[in-house]
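Q: So you can see what is in the structure, the chains are spelled out below.
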Amino acid sequence: MTQLSTFHVGSYLFGVEVALVQEVVRMQKFTPVPLASAEVSGLINLRGEVLTAIDVRARLGLPPTTGERAQVNVVVRVDDEPVSLLVDEIGGVVEVSQIPFEGTPSTVNARVGSLLLGAYTLPDKLLLALDARALLAFDEGRSAAA
Amino acid sequence: MEAIDEIVAEFLVESHENLDQLDTDLLALEQDPTSRDLLGSVFRTIHTIKGTSGFLAFNKLEKLTHVGENLLSRMRDGKILLNEDRTSALLAMVDAVRGLLSHIEASGLEGDDDHTELVARLGQLLEDGAIEAPPLIPAQGSSPEAATGATEAVTGAGDSTEEVVHAAAQAAAAQAIEAAHELAEAAKGHPEEIPAGAQVVSAEVSITNVPEPPAAAAPPPPPAPTPPPPAEKPAEKPAAKAAPEPGEAGETKRSVVESSVRVDIGLLDTLMSMVGELVLSRNALVSELDEQNDSALARSAQRLSLITSELQEQVMKTRMQPVDTVWSKLPRVVRDLSHQLSRNVRLEMEGRDTELDRSVLEAIKDPMTHLVRNAIDHGIETPEVRIGKGKNPEGVLMLRAYHEAGLVHLEIIDDGAGIDHNIVGNKAVERGLVTQAQLEKMTSREITQMIFLPGFSTAAKVTNVSGRGVGMDVVKTRIEAIGGSVDVVSNLGAGSTFRLSIPLTLAIIPALTIGCYGHRYAVPQVSVLELVRLSGEHARGGIEHISGAPVYRLRGSLLPLVQLDEQLELVSIGTSSGGGRNDDGRGGFIVVLQAEQHRFGLVVDDVLDTQEIVVKPLGRHLKALPMYQGATIHGDGSVVLILDATAIARRADVLSNQAAAASSSVMEETTPIDPVLVVELSGGRRTAIPLDMVTRLEEIPNETIERVGGREVVQYRGHIMPLVRLANLLGAYGEETDNARVQLVVYTRGERSVGFAVERIMDIATERAGSRSDIDDHALLGSIVVGDRVVELLDVQAAVLAADPAFYQDDAGATTVQQLGDLYEEAL
Numbered sequence: 001m002t003q004l005s006t007f008h009v010g011s012y013l014f015g016v017e018v019a020l021v022q023e024v025v026r027m028q029k030f031t032p033v034p035l036a037s038a039e040v041s042g043l044i045n046l047r048g049e050v051l052t053a054i055d056v057r058a059r060l061g062l063p064p065t066t067g068e069r070a071q072v073n074v075v076v077r078v079d080d081e082p083v084s085l086l087v088d089e090i091g092g093v094v095e096v097s098q099i100p101f102e103g104t105p106s107t108v109n110a111r112v113g114s115l116l117l118g119a120y121t122l123p124d125k126l127l128l129a130l131d132a133r134a135l136l137a138f139d140e141g142r143s144a145a146a
Numbered sequence: 001m002e003a004i005d006e007i008v009a010e011f012l013v014e015s016h017e018n019l020d021q022l023d024t025d026l027l028a029l030e031q032d033p034t035s036r037d038l039l040g041s042v043f044r045t046i047h048t049i050k051g052t053s054g055f056l057a058f059n060k061l062e063k064l065t066h067v068g069e070n071l072l073s074r075m076r077d078g079k080i081l082l083n084e085d086r087t088s089a090l091l092a093m094v095d096a097v098r099g100l101l102s103h104i105e106a107s108g109l110e111g112d113d114d115h116t117e118l119v120a121r122l123g124q125l126l127e128d129g130a131i132e133a134p135p136l137i138p139a140q141g142s143s144p145e146a147a148t149g150a151t152e153a154v155t156g157a158g159d160s161t162e163e164v165v166h167a168a169a170q171a172a173a174a175q176a177i178e179a180a181h182e183l184a185e186a187a188k189g190h191p192e193e194i195p196a197g198a199q200v201v202s203a204e205v206s207i208t209n210v211p212e213p214p215a216a217a218a219p220p221p222p223p224a225p226t227p228p229p230p231a232e233k234p235a236e237k238p239a240a241k242a243a244p245e246p247g248e249a250g251e252t253k254r255s256v257v258e259s260s261v262r263v264d265i266g267l268l269d270t271l272m273s274m275v276g277e278l279v280l281s282r283n284a285l286v287s288e289l290d291e292q293n294d295s296a297l298a299r300s301a302q303r304l305s306l307i308t309s310e311l312q313e314q315v316m317k318t319r320m321q322p323v324d325t326v327w328s329k330l331p332r333v334v335r336d337l338s339h340q341l342s343r344n345v346r347l348e349m350e351g352r353d354t355e356l357d358r359s360v361l362e363a364i365k366d367p368m369t370h371l372v373r374n375a376i377d378h379g380i381e382t383p384e385v386r387i388g389k390g391k392n393p394e395g396v397l398m399l400r401a402y403h404e405a406g407l408v409h410l411e412i413i414d415d416g417a418g419i420d421h422n423i424v425g426n427k428a429v430e431r432g433l434v435t436q437a438q439l440e441k442m443t444s445r446e447i448t449q450m451i452f453l454p455g456f457s458t459a460a461k462v463t464n465v466s467g468r469g470v471g472m473d474v475v476k477t478r479i480e481a482i483g484g485s486v487d488v489v490s491n492l493g494a495g496s497t498f499r500l501s502i503p504l505t506l507a508i509i510p511a512l513t514i515g516c517y518g519h520r521y522a523v524p525q526v527s528v529l530e531l532v533r534l535s536g537e538h539a540r541g542g543i544e545h546i547s548g549a550p551v552y553r554l555r556g557s558l559l560p561l562v563q564l565d566e567q568l569e570l571v572s573i574g575t576s577s578g579g580g581r582n583d584d585g586r587g588g589f590i591v592v593l594q595a596e597q598h599r600f601g602l603v604v605d606d607v608l609d610t611q612e613i614v615v616k617p618l619g620r621h622l623k624a625l626p627m628y629q630g631a632t633i634h635g636d637g638s639v640v641l642i643l644d645a646t647a648i649a650r651r652a653d654v655l656s657n658q659a660a661a662a663s664s665s666v667m668e669e670t671t672p673i674d675p676v677l678v679v680e681l682s683g684g685r686r687t688a689i690p691l692d693m694v695t696r697l698e699e700i701p702n703e704t705i706e707r708v709g710g711r712e713v714v715q716y717r718g719h720i721m722p723l724v725r726l727a728n729l730l731g732a733y734g735e736e737t738d739n740a741r742v743q744l745v746v747y748t749r750g751e752r753s754v755g756f757a758v759e760r761i762m763d764i765a766t767e768r769a770g771s772r773s774d775i776d777d778h779a780l781l782g783s784i785v786v787g788d789r790v791v792e793l794l795d796v797q798a799a800v801l802a803a804d805p806a807f808y809q810d811d812a813g814a815t816t817v818q819q820l821g822d823l824y825e826e827a828l
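Going line by line, the protein sequences match chains A and B.
According to the UniProt record's numbering, the stretch in the first sequence is residues 1 to 146, in order.
According to the UniProt record's numbering, the stretch in the second sequence is residues 1 to 828, in order.
Possibly wrong hints are sitting among the right ones.
[What the hints assert, rightly or not] Pairwise CB distance ranges, derived in the manner of DEER restraints: (1) A284/B - P32/A: 54 to 60 Å; (2) A284/B - G113/A: 44 to 50 Å; (3) G518/B - P64/A: 46 to 52 Å; (4) I99/A - G518/B: 44 to 50 Å; (5) M320/B - P32/A: 34 to 40 Å; (6) F456/B - P64/A: 42 to 48 Å; (7) I99/A - P510/B: 52 to 58 Å.
Simulated from the structure, these hints should not be mistaken for lab results.
All C-beta atoms in this analysis are idealised placements derived from N, C-alpha and C, irrespective of residue type, glycine included.
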């Protein structure tokens, strides 16, 4: 894992393995899914394929965006299923092999921390490496029991 | 009969293809006589034809291919080599097989071509000594030397040749006689098939002909070379003679080979998905055009639309096959197994024509077979045990297939021992699948479901039958892999029902688009029965609320209602708009849906259109939501969720209590409330009838009631409906009021109906759970509190039987006018 695709959510800078990212799209219309978990912000139509859009803010327990700017869909493909991650703003691709890597810093809150692989200390900022699988593995059965 | 025809047709197609290959292979083989690959391929082809023809009782074909196969197997084993003669003989055999096949294709019979010589010739070539034998074909044997050589060779082969010829002739004769018998029988069985008579005659002719070839062959060796040449000719000639026959019979009928092509399933899949995309593009075009006003363009679009629909339908059809293609293999499985395990099992099938996508059929094959094996091995008991339990010694294994709510349901029902959840529970603990503590918290239903866990097997020992191949967990995995689900319901001592429910996720389905709370949803048309428009005031008048449970009176029958906005939690319970939240302030709609034999009304704001939709699966984060079958993309590119009628019904708890209880433990949180219909009998006595036992409310004039024997009946929807006066049944003595019109509560089950005559329909009320007390009285289940009054609860089953003792006998249809006479007789 040497290259990370980065994006901003709230005050955090996150990165996911670049190989997992299929594309970035600025969307568009969501179809809400009643009864689904709060983390699911809706369905999008990506060239004829129906994708679930995950609200990363909700997943991290952050307040909803204040919302002047439209959020961005980062389409990641995990376990051969494309899922859209709804983030505030997209960053660049960062080469991290030369950057010191450490465990999850204690400064981030516990919920966010549980979804991290660790952190890279960029000169000006921490780049938090997201565990994409963990991020997507939220309680998938909640609504069934509701 | 049709099934046989189908098998024969398949056999023909397959054989024709194989024969073409065979020609090529044989010729290639001649160049390279030692190629084991080619020999193997040729051998397999002939072997297959032989096997199938034997199975289909095409004896001539079988005999012919059998001797060919013998020859080939010798070659394959390297005992003899392929030479020109053998090749010719084999090619002649291929031609003869073709001839036979075209006879079968034309008439279903093998025809009367005589292949005795060919069989003999092939037999002869089997002999080792014959390797050196100069050609048996006179064209080459024209030189005297060769002729003598041939004679010598044949003389040398002497007795054995004769024997072979004789045996072949006898076999042919026996066959011909058999065929004649069969024909005679067929003719008896189907007198309408007059041409069969003609065939019988010709078959007889061939019997008389048979002794001739041996007569020609048996006399001194010199003429021996002569039999071979006719070998090809007789095969040709009758074929030529026969040819006009099929021509006349069905000039226009395409031959089987021409009319079917084998296509790679991958190609069909590609076609299917392309058609899916085409449908979406068509939808997009149509919705664009709605906004423009170009009539020429609209016409073209219309035409495109029609063609697309047609194309889509046809492509769908190419992939559909009746479930019978899988089922047809099961009678044999059942027969063998019941012999092996000394069970007495009758296999019944219902819905054999139910069509399934090919890929689905492929996927259910093994699970289906396993479940059938399992039902016999673990379900149905031995006849002795059954007799001991007072059951019919013959067990019944029933297979059912039907479409419902956008799903294909396949049921495997046995009337065997059922599943003992105690044993299952203990076993699961023993295997460490659950802890004792967990087990204690589980319902018996949940425990039963554990048979699907990996590593679970109740078989005391691994039997030859159920212990091998796929297990229950594999059944579950396989079915879930195609998006289906497996369910088991078992009554200890009475049998088990396994149900496979497979959604049509791959398919394009027609769906109704509805609007609710500003969003669009699709409802598969299969679940939609009808639409009811709620106009302004009617909306309020038609919908009645009983303790928060809305009901609509639809043509006298009571329809439980479900508010979609509430169910989707778009509004909180009790604050539904009642289906009025649409653009122009009109009333909403009730979409009458069918789910698991129950009807209910879904109240929505708007009904937009119907269109063909391509079902797209939902991602894993939404899989757990049973409310949605999937999603689709509309013409404008927006994603629309597809609602599942059954799941909505379950969530709203409008299915029968049994089904609701069975659906999931989720529903247990809400107190079960059973709506009842309260009626008044004479003398002011009140009785409650469970609402799910009420099909319709009717009012009929008193004079339409007729008396048949001691019973009162009324003609109702083309049937004779027996009536029972609840007042009489329950012994409510009071003033017999002399109304001109009678109020009826009608209960219908299948074709049969029973009417309960009552004084007055009072109200629909809700039985408070736990308010029931038992009354040990005829035709009463107990008493319940409705509002502030105690009301008796009618035992509908007892009341129905009082009116019509045969009501619950499923096989007996409804009482028809024709049966009226019987009723009279019975009365006398």
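Q: If a hint holds in the structure, say so; if it doesn't, say that too.
A: Status of the hints after comparison with the structure:
1. A284/B - P32/A: 54 to 60 Å: With Cβ atoms ~22 Å apart, the hint is violated.
2. A284/B - G113/A: 44 to 50 Å: Holds: the Cβ-Cβ distance is about 46 Å, inside 44 to 50 Å.
3. G518/B - P64/A: 46 to 52 Å: Given about 20 Å between the Cβ atoms, the range is violated.
4. I99/A - G518/B: 44 to 50 Å: Between I99/A and G518/B, where Cβ atoms are some 48 Å apart, the hint holds.
5. M320/B - P32/A: 34 to 40 Å: For M320/B and P32/A the Cβ distance comes to about 35 Å; the hint holds.
6. F456/B - P64/A: 42 to 48 Å: Holds: the Cβ-Cβ distance is about 46 Å, inside 42 to 48 Å.
7. I99/A - P510/B: 52 to 58 Å: Hint holds: Cβ distance 56 Å, inside 52 to 58 Å.
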